Amino acid sequence: MGALQSSPGRPEYSDLAEKTGFSFEQIGVLHKRFKQLSHNEETLRRDNFNEINDLALNPIRTQIIEAFFDRRNFHQNGEGKVQEIGFEEFVVVMSHFRPPSAHMTEEQRGKTRREKLRFLFNMHDTDNDGIITLEEYRHVVEELLSRSGTLEKETAKCIADAAMLEVASISVGHMEPDEFYEGITFEHFLKLLERFEIESKMTIRFLNMDTTTLCK
Amino acid sequence: MPSRTVSHGASGRLRGLFLVMVLVFLEGSVFTVAVASSDQHSPITAHSGSHKATDHGSHNNTGKAFPVLDLNYENVRVPFEISLWVLLASLMKLGFHLVPHLSNIVPESCLLIVVGLLVGGIIRGTGETVPPVLDSKLFFYILLPPIILDAGYFLPIRPFMENLGTILIFAVVGTLWNAFFVGGLLYGVCQIGTESSSILSRIGLLQCLLFGSIISAVDPVAVLAVFEEIHINELLHILVFGESLLNDAVTVVLYHLFEEFSGIGSVTLLKGFLGVISFFVVALGGVLVGVLYGILAAFTSRFTSHTRVIEPLFVFLYSYMAYLSAEIFHLSGIMALIACGAVMRPYVEANISHKSHTTIKYFLKMWSSVSETLIFIFLGVATVAGPHDWNWTFVTVTVILCLVARVIGVVGLTFIINKFRIVKLTTKDQFIIAYGGLRGAIAFSLGFLLNKEHFPEREIFLTAIITVIFFTVFVQGMTIKPLVELLAVKKKQEAKRSINEEIHTQFLDHLLTGIEDICGHYGHHHWKDKLNRFNKKYVKKCLIAGERSKEPQLIAFYHKMEMKQAIQLVESGGGIKMPSAVPSTVSMQNIQPRPSTKPAPERAIPQLSKNKEEEIRKILRTNLQRTRQRLRSYNRHTLVADPYEDGLSDLFLKKQKMFQIEKKLKEMNTYLTVPAPPPDSPTMCRARLASDPQAYSIKPASNKVPMIQVDLASPQSPDSVNLLDEFGQANQQEEEEQGLMMKPPSRPREAKKPSEEDEAKDQQRLMRCLSDPGPSADEDEDGAFLP
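Respectively, the protein sequence lines represent chains A and R.
The first sequence runs 1 to 216 under UniProt numbering.
The second sequence runs 1 to 787 under UniProt numbering.
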């Protein structure tokens, strides 16, 4: 448990721990990782993320990295993007992936679900207008298929169209022929994925062990 | 289950008639079997009265030179009996579902055991000896493999892998705990609780432990039979079922270990240690054998594109060989079978034709269903056959100990497991897992295999085993359904998988892998991702033929979905509107972005025509959308007179027609639209029905496929295609006259070509689908035994 000895600013940690729900050890591990990524500087920039080798093979790499620099994910009701983030923002973004605690009421579970779905929604809604339009959704599907070798733009378009149609059918149901479905709002998004059990699926096990020395 | 759509008055009578016929047949067949398997070779004429088989009435040919009609039953005896048993089993299955309400209250397995008891009773009642039908060889080599293969082939991989740790702990640690607890305590009871002269006190510790290991394994056949009817949620199902499959390795090891030890009579520490090692060998060896055969099967299926008819045979043969090969080395045959099925499935399915896939699915279901029925009937018959040695103490203690051991085991293990799980197991879950630990025919067969010399108390064991089986299947099997209702356990969600969920599943996978990388934490998402990449890069290239090896999963899912929709559409009689999961009136039109928001396409054409074109488009679109419902009555004479020159009215008309066609095509192509793959891709090859001798020829513009009709105004409808030609020609003329650019005329040609091609290919695909009834609605490949 090497993280415990040198934990500068313990009061800072307790602040963060309260805000995000992580334990002290977990925050310590994250801090170590933060320092490793940022080469011991105070802030992280996009280039630091680009240096992670394993991330290079990920098809949605850009979107993941952008999510870290998106003010909407900092829980401070901000909007727009920033160029660099500090440790606090790093931990706040990571806290979206915490497993739900053992004893949660239905209300807390619903709240966690909303938070996580909000994170996903923000990832899709790149222009910050609160709606996922057809274009943005098409972009999502294209990115997903981007590393599978053959980029079939037409197929990606069709898949996105079909998906959009489904959302519209589920959320709005009845539409006149000349009405236009603007895009997926957050409420529709919630409804779409309500069966998905996202609060248990979208989690990472934050072990208390310090594994940063094992991998880059 | 198919319901009879007969009118009410007749259906009651028909059912009654059918049941009577079944009973008569049952009687007749039982007599035949009983007599035929008797060892006496009494003259057949003596029994001619009660035989169906001897309904010839020609036994008066005494002393004649040439028997016109002769009877020779011995030749066909064995196949005849077998067929009779199978027929009996199937008729029983039919019969149960005809009796109203019966199948809701009593699970099928119970009914079948009762039938077996009846049959055994009848046979015994006629004074014949009951045939020893549940022979261990028959059971392990013929009856069990289809059920396990069915389970393994359709195993839902994702939930299984996600819960693998939990399943393994229950299977291994749980079974070990059960075996030692039951065996040990039983020995204690036998020694202490009874007088020293009674037979019980002579049962040694090793024998008790062996008995414990036989009785402690949860049985996959019984679990499947009961759980299939209660439809609980996926997690619980996969936990109990996975446990029942994986504990085979433990059972095999323990059984052979204790059998070996009791034969020799002494245990050493070295032998114990070797036992532990042999467990790993048995389990991992079994899996390895299965994987090997699975890869072979996948590789073979790569080359079957010219001999589609025997594709299913390869799947069955390789799996059976895997099972037998594992049994040769005393490895776990069940695990080999599961591994083989699970490994070969994704690759084989990408290679084989649609029809072969259906064949495999239906054959597996059929065989496993018949096997299951037969197993339960034979259990009943074997119960009657005996030999039994009823010992009150032993039997009751066994039953109680089994229950207690199971409950303690589950509760204790869940306590430990929950520390490592994200989704914890609640008390309700634990109760269902404990209650669902049914024992079945595997235990009986293993007991049957015991050697009488080494185990003089074999009969006591058998009686106890049968009692436990009856108890679990009857009591627990019958009460689990009302208990599930009572406890309000989460049931299986019926809705099918949507494309959105698939997209987000993939998205989440990548997202979580990315976050793990950022965290610097090599969690199981990371390794799963690595495995997927390895699979895509090397394995798929080897094992999947042609183009399909590069198809990403999302696209494969989409293809599958659109195929299902096409089948659904055709079966529902067609129509312009696509059937969708949620009935709605939303169509493609509603989600396409408004043209006015699209920037005008940049084109190098003279200013005049560009403006005109935009205005024409605007007017057309507003008109079209309002009059969409009234298109059928459209007539060129009712067109709103436009302010432009008369020369353009033709252009007007034709453009409108063209837009209509495009719109219709767009709507129609929502789901049937993945742009036609290159002609020789496997998708199209499969569509060409290489396996079917009567190749379906494409009937051009057939009226049988309603949705492709583009219904325009009546005077012009047959000319829909010609219109486009006309348009093309007209435009060309106009070009020369007015100097319009090439862009407008090229549009109808583009619109025309894909429409025809798509039409042709859609028809082709639909014909292929029409020829095959297709998978039933509730059987999805992703969850075959979780309908």
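Be aware that one or more of the hints could be misleading.
[To be verified] For lysine to any residue, the following SDA-like pairs were computed, each having C-alpha atoms within a straight-line distance of at most 20 Å:
1) R:K528 / A:F22
2) A:K201 / R:K93
3) A:K201 / R:F160
4) R:K419 / A:R61
5) R:K536 / R:R158
6) R:K419 / A:T203
7) R:K537 / A:P100
8) R:K492 / A:N58
9) R:K530 / A:R61
10) R:K490 / A:F22
11) R:K491 / R:K93
12) A:K111 / A:P99
13) A:K157 / R:R158
14) R:K540 / A:K111
15) R:K428 / R:H526
16) R:K424 / A:P100
17) A:K153 / R:H559
18) R:K424 / A:T105
19) R:K540 / R:W527
20) R:K428 / R:V489
21) R:K361 / R:E349
22) R:K93 / R:S369
23) A:K153 / R:K93
24) A:K191 / A:R205
25) A:K201 / R:K540
26) R:K424 / A:T203
[As the list claims (entries may be wrong)] Chain A is faced by these chain R residues, among others (derived, beta-carbon under 10 Å):
27) T479
28) C519
29) S572
[Unchecked claim] Not close to chain R: a few residues of chain A, all C-beta gaps over 12 Å, as computed:
30) K19
31) F24
32) D54
33) H75
34) Q83
35) G110
36) K111
37) T155
Simulated from the structure, these hints should not be mistaken for laboratory data.
Please read all numbers here as calculations on a predicted model, not as lab measurements.
Cβ atoms here follow ideal geometry from the backbone N, Cα and C, with glycine treated the same way.
Checking one constraint from the list: CA of K492 of chain R to CA of N58 of chain A, max 20 Å. Satisfied?
The hint is violated at about 33 Å.
For a C-alpha distance cap of 20 Å, please report whether K528 of chain R and F22 of chain A respect it.
At roughly 26 Å apart (the allowed maximum being 20 Å), F22 of chain A and K528 of chain R break the hint.
K19 of chain A: least C-beta distance to chain R exceeds 12 Å?
holds, 19 Å
Does W527 of chain R sit within 20 Å of K540 of chain R, going by the straight-line distance between their CA atoms?
holds, 18 Å
Between K201 of chain A and K540 of chain R, is the straight-line Cα distance small enough, at 20 Å or below?
violated, 27 Å
Please verify whether K201 of chain A and K93 of chain R have alpha carbons no more than 20 Å apart.
Not OK: K201 of chain A and K93 of chain R at ~41 Å, beyond 20 Å, violated.
Assess, step by step, whether the Cα of K490 of chain R is no farther than 20 Å from the Cα of F22 of chain A, and give holds or violated.
Answer violated: K490 of chain R to F22 of chain A is near 31 Å, above 20 Å.
Given the hinted pair K530 of chain R and R61 of chain A, is their Cα-Cα distance within 20 Å?
holds, 16 Å
Is K424 of chain R close enough to T105 of chain A, meaning Cα to Cα at most 20 Å?
holds, 14 Å
Status of the stated non-contact between T155 of chain A and chain R (beta carbon gap over 12 Å):
About 5 Å separates T155 of chain A from the closest Cβ of chain R, which leaves it inside 12 Å; violated.
Does the structure keep K424 of chain R and P100 of chain A at a Cα separation of 20 Å or less?
Given pair K424 of chain R, P100 of chain A holds - Cα atoms ~10 Å apart, limit 20 Å.
Take the C-alpha atoms of K157 of chain A and R158 of chain R, compute the straight-line distance between them, and say whether it is at most 20 Å.
At roughly 27 Å apart (the allowed maximum being 20 Å), R158 of chain R and K157 of chain A break the hint.
Of the numbered hints listed earlier, those contradicted by the structure are 1, 2, 4, 7, 8, 10, 11, 13, 14, 15, 23, 24, 25, 27, 29, 32, 37.
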